[in-house]
Every structure is written in C-alpha cells, then in structure tokens.
Amino acid sequence: MSLAIRKCSSDLLSITKWVVRREYRLLSTLPENIEPANTDVDEKAPRTGRRPRLQNPVLEYRHIYPEFLPDPNPKWRNSLREKLERADMLKRRAKIDIPEFYVGSILAVTVSDPHAQGKTNRFVGICIDRKGCGLRAQFILRNVVDHQGVEVRYDLYDPIIQSIQVLRLEKRLDDELFYLRDALPEYSTFPFDMDPEVLPDGTPVPINDVQVKLKPRPWLERWERQELKGVSNIEEHLKEKDRKRRELRKEPWEKYDLMKQYRRTIPIEEQSEIWGEVYNQLQQMHVSRRKVARKRVLATPKPQLG
Amino acid sequence: MLRRLLATNTLRGFHTTACMNEVRLLTRLRVVDNSEIGKRAMAEGKPPKVICVYNKQRVGYIGDRVMVAIKGEKKKGILVGLKQKQSVRVPKFDSNNVVLIDDSGTPLGTRIHVPIPTILRTILKQRTHAKGADYTKLLGIATRFV
Amino acid sequence: MNQAEVTKLVSKLRIKIPPKHRKMSSPEGPEGRMNKLRKTVTGLFKYERIELNHNRADEARQYAERLIAEAINHGDCHKPTMEMADYWLLEKELVHKLFKVLVPRYENSNTAYTRMLRAPRPEYSYNTEKTVLELRGNPYPPLHNKQANNRQLLQNILLDAAKYEYRQTKYAEMAENIGKNEQEKPSV
Amino acid sequence: MKKPVMYLSSSLFGKLLPRSKRYLSTKEAIERRSHLFNLEKKRQLENVGRIEKIEVNYKGVPKDCTLVMNRNISTPYDCAKHLTQWHTESSVLALLDGTIHWDMHRPLTENCTLELQNFTVSDPHQVNKAFWRSCSLVLGACATVAFKDTVAVKLHSFPGPDIRSGSFIYDIDLPSLPDWKPTQQELHTLSAEYVMLSRKALPIERLEVSEELALEMFVENEHKTKQIPSIARSNANGKVTLYKVDKYVDISKGPMISHTAQIGKVSVTSVHQLVGTPESDVNQLYRFQGVALPTGVVLNHFAYSILIERAKKLNPARSPINPFGEPSHTTHKENIAATA
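Keeping their order, the protein sequence lines are chains Z, D, V and R.
At position 262 of the first sequence the residue is numbered 261 (numbering that gives the first Met the number 0), and the sequence of numbers has no breaks.
At position 32 of the second sequence the residue is numbered 31 (numbering that gives the first Met the number 0), and the sequence of numbers has no breaks.
At position 116 of the third sequence the residue is numbered 115 (numbering that gives the first Met the number 0), and the sequence of numbers has no breaks.
At position 195 of the fourth sequence the residue is numbered 194 (numbering that gives the first Met the number 0), and the sequence of numbers has no breaks.
Derived from the structure by calculation, the hints contain no laboratory data.
Here a beta-carbon is modelled for each residue, glycine too, at the ideal position from N, C-alpha and C.
Incorrect hints may have been included.
Once the Cα atoms are required to be at most 20 Å apart in a straight line, the calculated PhoX-like pairs of lysine-lysine come out as [as the list claims (entries may be wrong)]: (1) 74/Z <-> 19/V; (2) 162/V <-> 311/R; (3) 259/Z <-> 162/V; (4) 169/V <-> 259/Z; (5) 11/V <-> 74/Z; (6) 35/V <-> 254/Z; (7) 38/V <-> 254/Z; (8) 22/V <-> 259/Z; (9) 130/Z <-> 7/V; (10) 259/Z <-> 38/V; (11) 84/D <-> 130/Z; (12) 254/Z <-> 7/V; (13) 169/V <-> 312/R; (14) 41/R <-> 246/R; (15) 259/Z <-> 15/V; (16) 35/V <-> 259/Z.
Beyond 12 Å from chain R on every Cβ pair, some chain V residues (computed) [claimed, not checked]: (17) 6; (18) 130; (19) 155; (20) 162.
Please take these sequences and the hints and turn them into a complete structure.
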C-alpha cells in the first residue's frame, strides 16, 4: 500500500516538473551543441561537381520509421505479407502515439500489466537497441534501479503498451549501446520521475557525444574489437595480448564490400515504393498529434493557476 | 599468424559463442535480502552456489526454488532476477538474484533492496498451495517492482 | 528478422543477385576473396570484355555493377565513393575512366551495366563453366547472334521447307478425304 | 603452256599405266589423280614468275585495313591469317568488290576490296549454296573411301545445290552392285566415314586445268570423261575447275567452303536407285543423300530428326540418266518391283 502512495506522489511531482520544465541533463552535452543529423547526406549535396541523382525527401523517413522496411534477406521477403504488416502497423499507430525515437533516446513505456498492483507498469530507461522489422520490431530499455541494472525488452507494436513517451530525444555515437552493461552504473541511471524535454520544432535530433567509462574486465563482450566511438577508457583495460589479437582480427576490407552493404539494405527503388504507400497516413498522424500536443502545452498550466 | 589463429578457431577447442547465463548447478548467485547470513556471505566475497534447482529442467528460471550452499550451510532460496535472456516485457537483470527462504517459504530477511519483477507475483501465487509453503510472504518484503 | 540498414542508400541493381555471396576458396580467407575480385573488376574495367570461370565472373559482376551505380549516384566529388573506386580499381587511371567515361555512358541507361554470356567450354577440359563478362557499350563486335530469326540461314531454310512439305501433304490428305466423302455420299 | 602438261602426263602414263588396258582399282585411281593435281598445282605456282604486289582493302571486324598481298599466290585465306584465328576458322567465302564470291583458297588476281563471309552474315544465300555444294563433294569422297576395294565406285555427278529439297545428293555408279539396298548399319558407317572426313579439317583446294589434263585424270571414270568436254566448252576459257579434298579430286563449278571442319552435324540418310531410260548408256545409278548443318549451329534433336526424316525421301532433282522421267517415289517403287 505504501508503494502505491509513493507512486501517486511521484506522479504528482512529475506533473509539477513538467510545468516548471527544469533542465535535467546529467550526462548529455548542452542542447545548443546541435550537430546536423545526417552528415553523410548533407555534405555531399553542395560540393559535388556532378549533381547527384535527385533524392526523394520521403526517403528520410527511413531513419524515423526503420521498422517499415522489410528484412533485406530474400529468404524472408514476401510482398503480400509485408503489405499486410504495414497496414496493421498503421492501424496500431492510429491507436497510440508511437513517437520518433532512436537508440540513445530516453523513453518511458507504460504497459498494462496483470501482475502489477495498479494494473499498469511504467518503466523508464535508455534505448540501447532497436531491432526487428514489421510487427516484430522491438526495442530494449535499460536503467539502473536501486543500484541494480535492469533491462526490459518491448515489442513496438505490442497491443498491451498503453503509451510510449520520449523523455529525451537524442542519438548516441553508436548504433547499439550494449556496452552500457559493462559501463559504470551512472551512465545508465535515469530517474523514473524524469520530465520530458521538448525540442523546438524543426531542430535536428541532437547527437549526445558522451563517452562512457567501462568497468574493469571481465566484460560481457570483446568491446575492444568493435570500434566503439562512445567508450573512452577502453585502452586502459587492455593487455598487450588483446591489442595484438585486435590487430589480427581487424577486417579493413569489410567497408569496401559493396555487396555486403547491398544485401543489408533495401534499395532506393523499393524504399520509395514503400514510403509512397505509407507516407500520407504517417504524415497525417504526425500533424494531428502535433496539434493535440500544442493544445496540451497550452492547457497544462491551468491546474496550477487554479 | 592470422592463419594460425584461424586454425585454432576452426579446431573448436573452446567455445566462441556467447554464454547463455543460465542458472544451473554451481552457479554463483547474489543474495538481495538483508538476512544475516546472506549479508555476511556477500560481504566476504563468497556468494552462494546453487547445489540444486527444483524443477525438471535443472535450469533455474524466474521464481524457481533453488538450494544454495552458503557459508557452509544449505539454504533454500527463490530466484527473483536473472541475467539470462527473458521474454518480452519481463525484466532482465545484471545479476542472478536470490532471496533466501526457509522450508515454510518465509524469507530469512526483512527487506529486499533491489527491484523484483512484477511477474513474480503471479508465479509465486501459483506455486503456493494451502498445505505447502507460502511463498507470497516474499512479496511483502519487496521494496520495488519493475 | 533483422532491420534493414538505413545509413546508406543504394540503388537497385538490374541483375539477379544470389541470396548469399560465394566464398571463392582462398587461403587468405575473405581478404583473399576480395583481392581476387578486385583483380577481376580491374580487368573488366580495363579490357571491357573478359573470359573467365562462371563463379568468379558472376561474383565480380555484382561488384562492378555496384561500383558503377555508386559512381553514377554520387559523382566524382564524393569522398567515400572515390575511396571505394580507389580500392576496387588497382590501376589508378581506371578511376578516371570510371568517372569520365563509364558514368556518362551509363547515366541514362535502363538496363544493367554489364552483360554476362556463357562461353563454349573447351573440349576435354575440366567441367568448369566459362563465361564472358563485358561492359555494355564496349567497342568490340557483338558476341551474340542477333540473326537467329534470319530466314535465310541454312537451318531455317531447311526447317521452313520441311514445314511447307508437311503442310502440303496434310492439304493433300484433306483434299483426298473430302473427295472420298463426296464419293461415299451419293452411294449412301 | 600445253607442252609441259603433255610431257608430264606422258611420263606418268609410262610409269603408272598399262597403256592398252587402262584398268585401275579405285584406290590407285585416287592416288594417281591426287598426284597429278599436286603436280599441276606446283607447276601453276611456278609459272607465276615474278612476284607482283596487289593491295587488298579488307572491310569488316575488327577494323578495316589494307593488306599488301602477292598476285596469283595469296588467297583470301592468307589474308584471314593476317587477321585472327577466328577469321581463318569461320570464314566460308570471300566477297570481292562486294559482288564476286571467291573461294577462300583461290589466289587473288588483282587489287580488290575483300569481305570475309561466314554462315551468320545477313544474306547467307551464296554461302549456303557453297556449303551445300561442298557437302555433295565430300559425300562423293566419303562414298569412294567407304567401299571395299572389290567394289568399283564410279562417281557420276551431282546437281546444283538446292537446299529447299532437304538433302544434298551425289549420283554414283556401282557397277558391281546391281541391286544394293543399304541397311541402317551401312548408312551409319557412311555417316561415320563422313564425320571422320570432316573432323580432319581438310582444306578444299581449287585448281583450273586444261581439258586434256582433266581427261587424263579421270581416265578410268567413263562418266566423267564424257562430261568433261561439255564442261570445258561451257566455260569461257575452256578450262575445267577441279576441287580436291584430302586425296579426292572432283569436278565442280564452285565456289566451295574453306575447309571440311565447317561441316558440323551431318548424317548420310539414304541411298536410292535411279534407273535409266533404254536409250541412255547407264542402266542404273545410286543416289546418295544426306543432310548437314554448319558448325556452330545448334539445333535440338527433334528438329534435326525432322530434317533427317525428310532427307530420307528421294530427292526430286533431275536424274542425269533419265532426264525426262520424274524420279518420284512411284517410279522408284516400280523400279524396285521390276528388279525384284
């Protein structure tokens, strides 16, 4: 019972915090330090002598909604199933707001939980991985609660999910943050009563270039071989043997393997077809959600006044 | 050099796959309640070892009863958090947590200082029978659920 | 089910892509494979038509197509593409050929950039399939015979004559049958 | 011009022939003919005298070029040798100045433009005719070699090529076999003989000789000796054109293909009897028939079997010994009945 009361009070607190909009950024750099979201695309546009082929702006949706793209493995391709799945995903998106988020963003997920006392369960954490495609898209949240690291995996289109809220929208330097498991706990500690930070409209998603410190070995994986950008002290923990092994295991030719890249991606032509199919509905949903959000921002101060 | 390395790898003298982190015989656990024996064992750096998992698979899953060897004694405990990969919406912990109980299901400590998964409520209720041990007492000493 | 990679955008190749790469047995492993393919791609860009074993040709073809597609998409001022061309083309004057000759050649094409044809297998040779791999629009005479429908070819003349004769016999038979029927009718 | 010929032939007569009875076995006759052919060819080459140069403008793949060749010595085949192996192997006929079809092994006489034609040129009419004609020629050679020494084989003639008839033919006189009907096995043997001949990739050589020498060469073959004067008369310069494959020499107007390996899939399909009119001096001839495709032509076995079935029927070409009677199937049957 005491637990329930505490929870209620924390909810109240969070509402007041929402109003006050305190900056709550322990680890990230300041939001002014905004970098262009997609340096790769941006830099090639102005400089080229030969004009690159006109790229469809719709294609930029691939960063926001990567799960709409099918698995590139031809073994599992099935155009009909993909189409049906996309329709189902849009239906689900019409029901609840699945916001734009990236690996490194901090989310709060509320699910209806038959085991919990209040029949709902809220978990806050940093998204350390996004995987899967279609209706099977998943993401993993990680947090440290009472000095105990906890990770929860959610299906993005799980009907049990009541709401997904982005508390802080940002990217990290790496595509997966599994190294947080071996990092010092403060790097993955986030308070449950954290208040959401609102980015002004039109700003690109900031990249948080914080570099975490790893705990001494043993580690869960051989992080030194993975060319991680978001880890600062990896060299401290290595022995000469590890460095040698790392040199031997390097695969510098891998980035030139054009077909490997090709087999992992969905080509432009297929993507434009897919995005053309879902673009209108996604756009409508986005616009209507924004309107509602603005109204709420205007409406929320009232209880405090009254 | 690289060739030699590859050769050793293909011989498969050792595992190269990631481990499953299962709780089975002789796994070290972390006691997360404030029972005297548990606290001392953890403080001395001698965490308890599993000597029996009470289920058919002999691999401990969440809510399973285990017997542990702790400070030269045999104690029973309940697994309240696992490192192993969990199904969707079930939390995965960074350590294998155990809460020590006696034969009747009463916890030895009075507080659990880490969060425990909500699914334990249902599991422990199912495992509790009128005549047998009452495991739900464990839920009473929990401080936080995730 | 894995998520598709979204950092890079590639244009669709106009050739059939096998679901998996070929390992192309090499003592140096994957690096050796890439070195082999680099040599082949360089040769293809240099000579524009080469004859080689089928497996290697098919594998190298995919890389050559991708390289040309990248060059067309990004142009010669895009640094990663330049690095890619630098890696794949062992002779550096071919990099200029790629951007100055091949890109204008294929910029507006709707078909694949390369063509692969089966070459005749030399008699009493090992059972290796030989293949001719060429860049489209090369200056050499065409390999495939476009005149298979030329009615003047000897085999076509022979077959046409046989067809004609067969028809004539059939017509004669039909005429005979009609005659017979007419003969029978009055008697009936 | 004539003298050395007379000298040569007379000297040869002394060595090779009993003058009174000019009986020769088939084998001896072939040897003698080829020997005479070679001697005459050598003589003609020596007669060329001072070597003069001509310019040949080559047109075609890989690129147009000018070749400087020897008058009356160099052949289009030599020109092809200057280009690539592919040219030497696949060229069937040479086209001079865009109009004249020239044998690959016939010496060039003056400045000209040269195009090499293979079986896949856009208008292969002349090439096909040359191919069909050469097939008949090789069929004659093949029939000569296939029989045992005890069987006398006297080649008669073959008509002009008619591809639409479905088979190439050679009319042959077998005096010692009055009533021969070949079994399937014998036809197979003939085909095998043909294939062996074509696999040797022998060049088909061409030579123009005087009427007298031609008569000397075909002295034991009364059919040919009878034909030679008229052939010589019909030619403008009074010469007879001879072709040689391996050791077998034959008369034909030409042109012929370059070498026998250009004959690909081939089968000798049937042998039919032709019966002459009472007035003609030959009672009966055998008409050997076959069908062939050029090298490199891929035809599936079903289509080829249709061609074979068709080639088995008697070719409707005019019979040389019964020119007014239609050598149709019905007469043929009657003939068989009459002989039986």
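* To do: Any hints from earlier that this structure breaks? Give me their numbers in increasing order, please.
  => 3, 4, 19 and 20
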